[in-house]
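J.: Chains as they are written, first to last, in the UniProt record's numbering: chain A, 1 to 215; chain B, 1 to 215; chain C, 1 to 215; chain D, 1 to 215; chain E, 1 to 215; chain F, 1 to 215.
Careful: at least some of the hints might be erroneous.
Which copy is meant is left open, because identical chains are indistinguishable; a pair holds if it fits in one copy or across any two.
Unchecked claim - Below are the DSBU-like pairs computed for lysine-lysine, each with C-alpha atoms no more than 35 Å apart in a straight line: (1) 206 to 78; (2) 101 to 78; (3) 8 to 173; (4) 179 to 82.
For the record, the hints were derived by calculation from the structure and aren't laboratory data.
6 protein chains.
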Amino acid sequence: MGIHHYFKSLSDFEKIIRCPGKFKFQEHSVASHSFKVTKIAQFLGTVEEQGGEKVDWRLLYEKALNHDYAELFTGDIKTPVKYASKELKRLFSEVEEEMTKKFIEKEFPPEFRDVYLERFKEGKDETLEGRILAVADKIDLLYESFGEIQKENPESLFLEIYEEALSTILLFKDMVCVKYFLENILPDMLLERFIEQSELAVITEKMINESGGNL
Amino acid sequence: MGIHHYFKSLSDFEKIIRCPGKFKFQEHSVASHSFKVTKIAQFLGTVEEQGGEKVDWRLLYEKALNHDYAELFTGDIKTPVKYASKELKRLFSEVEEEMTKKFIEKEFPPEFRDVYLERFKEGKDETLEGRILAVADKIDLLYESFGEIQKENPESLFLEIYEEALSTILLFKDMVCVKYFLENILPDMLLERFIEQSELAVITEKMINESGGNL
Amino acid sequence: MGIHHYFKSLSDFEKIIRCPGKFKFQEHSVASHSFKVTKIAQFLGTVEEQGGEKVDWRLLYEKALNHDYAELFTGDIKTPVKYASKELKRLFSEVEEEMTKKFIEKEFPPEFRDVYLERFKEGKDETLEGRILAVADKIDLLYESFGEIQKENPESLFLEIYEEALSTILLFKDMVCVKYFLENILPDMLLERFIEQSELAVITEKMINESGGNL
Amino acid sequence: MGIHHYFKSLSDFEKIIRCPGKFKFQEHSVASHSFKVTKIAQFLGTVEEQGGEKVDWRLLYEKALNHDYAELFTGDIKTPVKYASKELKRLFSEVEEEMTKKFIEKEFPPEFRDVYLERFKEGKDETLEGRILAVADKIDLLYESFGEIQKENPESLFLEIYEEALSTILLFKDMVCVKYFLENILPDMLLERFIEQSELAVITEKMINESGGNL
Amino acid sequence: MGIHHYFKSLSDFEKIIRCPGKFKFQEHSVASHSFKVTKIAQFLGTVEEQGGEKVDWRLLYEKALNHDYAELFTGDIKTPVKYASKELKRLFSEVEEEMTKKFIEKEFPPEFRDVYLERFKEGKDETLEGRILAVADKIDLLYESFGEIQKENPESLFLEIYEEALSTILLFKDMVCVKYFLENILPDMLLERFIEQSELAVITEKMINESGGNL
Amino acid sequence: MGIHHYFKSLSDFEKIIRCPGKFKFQEHSVASHSFKVTKIAQFLGTVEEQGGEKVDWRLLYEKALNHDYAELFTGDIKTPVKYASKELKRLFSEVEEEMTKKFIEKEFPPEFRDVYLERFKEGKDETLEGRILAVADKIDLLYESFGEIQKENPESLFLEIYEEALSTILLFKDMVCVKYFLENILPDMLLERFIEQSELAVITEKMINESGGNL
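Chain A on its own, in the form it takes in the complex:
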């Protein structure tokens, strides 16, 4: 029993790679993903707050930070498997809960158990904070898939992921923060330009000419 094992296990999240079994130009760990989701949730919460909503910040941070905790026990199971049937999904959630509970009982002294049971619960509920988490999680996924598409990853899977992430975000399109995202952030992502090698010749010639030389 011991918090030492809990602290040590944090490093395991650096070793769970998201979207296994596919070539990716840039890999992302669950640790990095959790960091980015929490940062994105922080921004979305700020937008909600400026839009007049009351944000429970402690709750929001707890949900974002811990939202993939169960992957420590289950690994990264491919989504189509996880959701193959309602029965499997239900059983699966039960197993996750059971394993989380056992871990907490094994490693946490009694005085911390209740608070950690609460923290490691599924966070995507109907509260404002649960909905912000659901959106933040998909925004990071959108950026991950965009990063691969932008680097010209030929796997069509990444377009499917992009679409799946966007369609989930759109389910929350009545939220102030989602409106902000759709109106102010997504368009900039789509406008990102590429450097074409052909530009290099133009730029180079211009620079050489300006320096008084010629190519």
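Use these hints to put chains B, C, D, E and F onto chain A, whose structure you have.
T.: Chains B, C, D, E and F alone, transformed into the frame defined by chain A:
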């Protein structure tokens, strides 16, 4: 539909890393594992044959080569999850079968479907070939965990894996090839020696002296 | 200008490797480190709260999550350089502040600037939350160096880092959470045992004997 | 002497990287390559069998599985060197054979030597199985080079490899399985489409509109 | 004290990655960079010599080989930080000098100190050799950024680096070797062509036709 | 034809990994190796010079920098193969020479051909500079193998490499610089101590006690 997608998917096995979520000095892909299991099964089959058993080589190779094919669809699910309950295990097997069937129907022309349905079935049955596969699979796992222990990986998980692999092999201890493994191969593994840094000083001094110099 | 650039920059933290220029068995990014520090701060805050302190959770999470934000602009400057002289340290801090300010003015719309200027400030102040951050930051560093020592990294640097991290933690030894760490967590870390290869022979023999065979 | 050394050496194939000395987006080990070649040979054999040929499956699997075994002793020598002169090629083959023989005599007990000498022989002979191996080896090479070209690797070497692989496959164009490959598999490979970043804007707008919003 | 520590520290240069904190398709260490800069300087020196200049080769090699030595102590500080203010730059250079001096005094026996103090000095002075080094350093940087642009790295940073490197080279446009570079080498770099996937279909069809078959 | 291709090929040396086909904790490229050999040769040359020898520095740097150039064409052929027979070794050398010559004729304009033919020649001749190169090459190999042994690499190959490197160095034991190495550098390498995990408990307790606390 197309065999092209099947051929292309073979490369995905190079991207499924075994035992995710734990620090390892040397990582192994499912592609590499399948290669090694098939080579080990080849040797075990040879021992069985010399021991008087009749080996169906075509079947043995098919089983070994394809034994982790379903991981293409499911990813690498942690064992404790997979076997958390009989019901979950049964459902998982159903999902795997279903997904394999769908993949074959989508990608393989009709004339190849039956043969590939057969090839992608769970191979660890009660036949001699199924039992050789079960042993070969665990021998490679034993070598993987031994490799980490020998490199001084401090994770106790690898000792648990070593024990789990060995105990499964021992279930088949009446097989000729398992006897051979326990008597002729495992002892050499356990006798592997380390190079201690302290030896270096001794060796170095000896070499310098023999060359006529002195340290 | 745009929050898109802010969101995209989060991925750069996955590419800043801590402690560059030294061989490490396991590398850690600033993104992973930030995740772990926030999780550790969460636990330390819980201990403080149970010890009767009033924790401002929003502030604690903000400090932990953003504490290395300036590395986006400066990269990972080696500590001895950063602290080579008071004058250099002061100038560096000014440069960091200046760059952070410029980034916020360039990328954040006016309505978010104040809140992000506050969030990206140096977080290790005299508040309870600032002190928890200082401790959490060093606990993760302690675990990083412990991980290398445990894997037998021959670089003496990691012992120096271990000592430096511990001595900083000890500066806060009057805090409830530091007492908890020293009494309940650190001893478990130090008791971690190694698996010796020699144990394998004993375990293996025992298992084979119990299975009714012999080696 | 010992099969343990043979089993342990299998892991070295995971550490021989194909096509060294060139930037590649995705690296492939000899272990992975051998796995894929065996799987491809399995499919090609099935096509031949359905085309009325008699396939010796045991032989085919042995050839495919072991076809790069000599690289354990020689490493990955660049093809232009290997084939620089007939004399060098001949000497080289002799050295490979000699080293394989020595390894077998050193590590294999007498009762296994003959079977392994046979297994580790050059497999690309005039038999049906030898020709299937020759084709399967080049199909995997074709996929490796296609993968780099598709990911926009600017090295023209990969186009040369693509052409070299295809021209070797074409030498066997009278085989049923090569016809099948040229008619049913290669065209699908060439039709693979890219996702263009510009498509993203279209898809995104469509999805947002369909959800009742607008960008 | 000891040259052993100096020899051992050489390996640390393999662990300092250039341009940290950004996604790169191909990473370069300071060790590799130093090797390439020295090779490029060797060529530029040859051009200067053929152009009638007197090259002090010993000095040129010393400058090129050691030009990034101080990064051992400072790590890779981002350029905008390093040059944020004149005062910081000055202080920074002082710190580098101080640390280099301390290292030499600690690790080198007295008889080698003067020669190494000289060798580890800032090499980019007004001498011919100092100017060749300045150009060679930027040519390697130009190739690094070109490599990323050619592989379609979407980070605009690499275009900025390309421009910054070229503009520095142009400062030396009166040197014989820079003229040679601008007239004979840079144009070939800009003419590098890409292999387009669409070409593959054409090439493939042509090859199949020529072999007497058809696609 | 073009120096651009020569400059671009320098990056290929970053992709040739030394000692392929074996698990290594730390991999080294030919680019890094060449850098380190040149730095070591620089030091050895300094020792020779202080010992009264006349060093041709230009020649020494050229030899060290270019000594593995032919690996660009041949890749990293395993030593036992390369030296399997005198005839093979002779043929290999001829092929290397031929390929180097062809490369120079293809890529270098006529005015640079002679100087580069000279530079890319086998450098380990009987001159002082050739002998310094031979020693420097083996000292870096000694450090590479020492690094693996010190990190507890269980492959006995690295002890063999250590011995092979040392025995070659000892062939030159009459050189001033080898004497210096054996007397002043090697002993420090052998005295390198390990940090034992058990030390941590002692250090930690001491630090806590000194801070006024207790564990």
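J.: A separate judgement is required for each hint: does it hold in the structure or not?
T.: Now for the hints, and whether the structure bears them out:
1. In this homomeric assembly, residue 206 and residue 78 come within 35 Å of each other (Cα to Cα) only across copies, at 27 Å, whereas the closest approach inside a single copy is 50 Å.
2. Both within a single protomer and between protomers do residue 101 and residue 78 lie at most 35 Å apart by alpha-carbon distance, with minima of 23 Å and 17 Å respectively.
3. In the homo-oligomer, the alpha carbons of residue 8 and residue 173 lie at most 35 Å apart only across protomers (22 Å), although the nearest pairing inside one protomer, at 39 Å, exceeds that limit.
4. With identical chains, the CA atoms of residue 179 and residue 82 are at most 35 Å apart within one copy only, with a shortest distance of 30 Å there and 40 Å across copies.
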